[in-house]
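Kindly generate the complete structure, drawing on both the sequences and the hints.
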Amino acid sequence: MCTFASCYGTPNYTALKLIIINGPNLNLLGKREPEIYGNQTFEGFFDTLVKKYPHLELAYFQHNVEGEIVSKIHEVGFTYDGILLNAGAYTHTSVAISDAIAGVTTPVLEVHISNIYKREEFRHKSIISKECVGMIAGLGLDGYDLGIQYFLTKNK
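Numbering (UniProt numbering), first residue to last: 1 to 156.
One or more hints might be untrue.
Across the chosen pairs, the derived CB separations fall in these ranges [as the list claims (entries may be wrong)]:
(1) E121 to E35: 16 to 22 Å
(2) T153 to S129: 18 to 24 Å
(3) L146 to N39: 16 to 22 Å
(4) E121 to E57: 38 to 44 Å
(5) V95 to K51: 35 to 41 Å
(6) E35 to K156: 35 to 41 Å
(7) H92 to L139: 17 to 23 Å
(8) F78 to G140: 26 to 32 Å
(9) Q149 to S129: 18 to 24 Å
(10) A89 to P54: 31 to 37 Å
By construction, these hints were calculated from the structure, which means they are not laboratory data.
In this text, all values refer to a predicted model and were calculated from it rather than measured experimentally.
We put the beta carbon where it would ideally sit given N, CA and C, even for glycine.
Listed below in structure tokens is the structure:
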């Protein structure tokens, strides 16, 4: 198995600006349903990403309120190189978030910690997917890392 640098080379570009936007209940990672989401807090995981990718400008935002997520997408949607979005339960219900994604130029990658297709039937439908460049689901927190690698390879 190779490291990112040995597989893809050492980055020689200006720092990419990426943001992870997490939706409702993801502030409870490490406490909430550890059998599904694991025991690690997102803040602890984010710190490992920042250390792993020192050449990137990584930001993190979490909110439980739909309108705040929409506002953050509007705020960063024309100036960042990529958005990794885990809209949580809003994935399945929010036309507003889908419209926000459609209205910005920054590419959005949908990320889910759990495999939404192995969960309740209502979670099998994503309203936001059609506006996203892709989806990563079911790989735990590693899905965010893979999302970062996607943006790195797309922005070489």
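Each hint, compared with the structure:
In this structure the supplied range 16 to 22 Å holds for E121 paired with E35, their Cβ-Cβ distance being about 20 Å. Evaluation of the 18 to 24 Å hint for T153 and S129 yields a pass: the beta carbon distance comes to about 21 Å. Evaluation of the 16 to 22 Å hint for L146 and N39 yields a pass: the beta carbon distance comes to about 20 Å. A beta carbon spacing of about 39 Å between E121 and E57 agrees with the range 38 to 44 Å that was offered as a hint.
Between V95 and K51 the CB atoms are about 37 Å apart, so this pair conforms to the stated range of 35 to 41 Å. Between E35 and K156 the CB atoms are about 38 Å apart, so this pair conforms to the stated range of 35 to 41 Å. For H92 paired with L139, a C-beta distance near 19 Å keeps the hint of 17 to 23 Å intact. Between F78 and G140 the CB atoms are about 31 Å apart, so this pair conforms to the stated range of 26 to 32 Å.
Between Q149 and S129 the C-beta distance comes to about 20 Å, which sits within the given range of 18 to 24 Å. Checking the proposed 31 to 37 Å range against A89 and P54 shows it holds: the Cβ atoms sit about 33 Å from each other.
The structure meets every hint from the earlier list without exception.
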